[in-house]
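*Asks:* This note's numbering numbers the first residue of the sequence shown as 372 and each following residue consecutively.
Any given hint might turn out to be false.
[Said to hold, decoys possible] No farther apart than 20 Å at their CA atoms in a straight line, the calculated lysine-lysine pairs in the PhoX-like style are these:
#1 K454 - K468
#2 K490 - K454
#3 K454 - K495
#4 K462 - K429
#5 K403 - K490
#6 K454 - K403
#7 K520 - K462
Please keep in mind that the hints were generated in silico from the structure rather than gathered at the bench.
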Amino acid sequence: MVFGQVVIGPPGSGKTTYCNGMQQYLQLVGRKVAVINLDPANDSLPYDCAINIEDLIKLSDVMNEHLLGPNGGLVYCMDYLEKNIDWLESKLKPLLKDHYLLFDFPGQVELFFLHSNAKKVIMKLIKKLDLRLTAVHLVDAHLCSDPGKYVSALLLSLSTMLHMELPHVNVFSKIDLIESYGKLPFNLEFYTDVEDLSYLQHHLDQDPRSSKYR
Numbered sequence: 372m373v374f375g376q377v378v379i380g381p382p383g384s385g386k387t388t389y390c391n392g393m394q395q396y397l398q399l400v401g402r403k404v405a406v407i408n409l410d411p412a413n414d415s416l417p418y419d420c421a422i423n424i425e426d427l428i429k430l431s432d433v434m435n436e437h438l439l440g441p442n443g444g445l446v447y448c449m450d451y452l453e454k455n456i457d458w459l460e461s462k463l464k465p466l467l468k469d470h471y472l473l474f475d476f477p478g479q480v481e482l483f484f485l486h487s488n489a490k491k492v493i494m495k496l497i498k499k500l501d502l503r504l505t506a507v508h509l510v511d512a513h514l515c516s517d518p519g520k521y522v523s524a525l526l527l528s529l530s531t532m533l534h535m536e537l538p539h540v541n542v543f544s545k546i547d548l549i550e551s552y553g554k555l556p557f558n559l560e561f562y563t564d565v566e567d568l569s570y571l572q573h574h575l576d577q578d579p580r581s582s583k584y585r
C-alpha cells in the first residue's frame with residue numbers, strides 16, 4: 372500500500388515550494404520520497420524530480436502546434452496524460468515499494484473544477500496501483516486580509532473537495548508573510564477553523580466594491 376499527496380491550489384499559491392520543502396523534510400526523517408511533476412508549464416523545478424510530465428509532452432510544443440493559449444494548452448496536456456496513463460504507471464511502478472509520493476499538479480482551477488481530466492488521471496492511478504492519496508489544497512494566506520477573497524477561497528476549496536472526492540486538507544501557504552498584509556480583522560484561528568462567517572459581514576459591508584449591492 373502506497374501513500375502520497377496530490378498537491379493542488381491556484382497559480383502562485385506555492386505548490387512547487389511546498390513539494391520542495393516536504394521532500395526535504397521527509398528525507399531528513401529518513402523517509403524515501405518521490406516528487407512527480409505533472410505541471411507541463413513548470414520548467415524551473417527546485418526539487419529532485421523522479422518523474423516529469425515534460426518527458427511525455429511539453430506545453431510550449433502544444434501551444435505552438437495547436438495554436439492554443441496557456442490554459443487551453445494545459446487542458447490538452449492533461450487530456451493527453453489521461454490517454455497515455457500507461458506511461459505514468461510504468462514510471463511509478465519502480466517507486467511503489469518504498470516511496471512516499473508527492474504529485475505536483477498545475478494551478479489552473481478549471482482542471483479541477485470545470486474539467487475531469489486531472490481527476491480521471493488520479494482515479495486511474497488509485498485503482499490500478501492501489502494508492503492512498505490525500506488532496507493538499509494550498510491557499511495563499513494573503514487572502515485572509517480581504518474578507519471577500521477569503522470567502523471566494525473557501526468556495527473554491529469546497530468545490531475542489533467535492534469534485535476530487537479525495538480526503539482533503541486545506542493549507543495556508545506563505546503564512547510567514549501574513550503580517551506584511553496588515554492587521555487581520557480576527558485572529559488566525561478564525562480563518563483556519565472557518566468559524567461563523569457572519570462575523571465577516573461588517574467588514575464586507577465596509578468594502579467599497581460592495582457598495583452597489585447594498
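*Asks:* Against each hint, give a clear statement of whether it holds in the structure.
*Replies:* Hint check results:
Under the criterion of a C-alpha separation no larger than 20 Å, the hint pairing K454 with K468 is inconsistent with the structure, at around 25 Å. As the CA atoms of K490 and K454 are separated by approximately 13 Å, the hinted pair is consistent with the 20 Å bound. Distance check on the hinted pair: K454 and K495 sit about 11 Å apart at the alpha-carbon level, within 20 Å; holds. This hinted pair checks out: K462 and K429 have alpha carbons roughly 17 Å apart, not beyond 20 Å.
Under the criterion of a C-alpha separation no larger than 20 Å, the hint pairing K403 with K490 is inconsistent with the structure, at around 26 Å. Simply put, K454 and K403 have alpha-carbon atoms about 29 Å apart, too far for the 20 Å limit, and the pair is violated. Simply put, K520 and K462 have alpha-carbon atoms about 39 Å apart, too far for the 20 Å limit, and the pair is violated.
Violated hints, listed in ascending order, are 1, 5, 6 and 7; each of the other numbered hints is respected by the structure.
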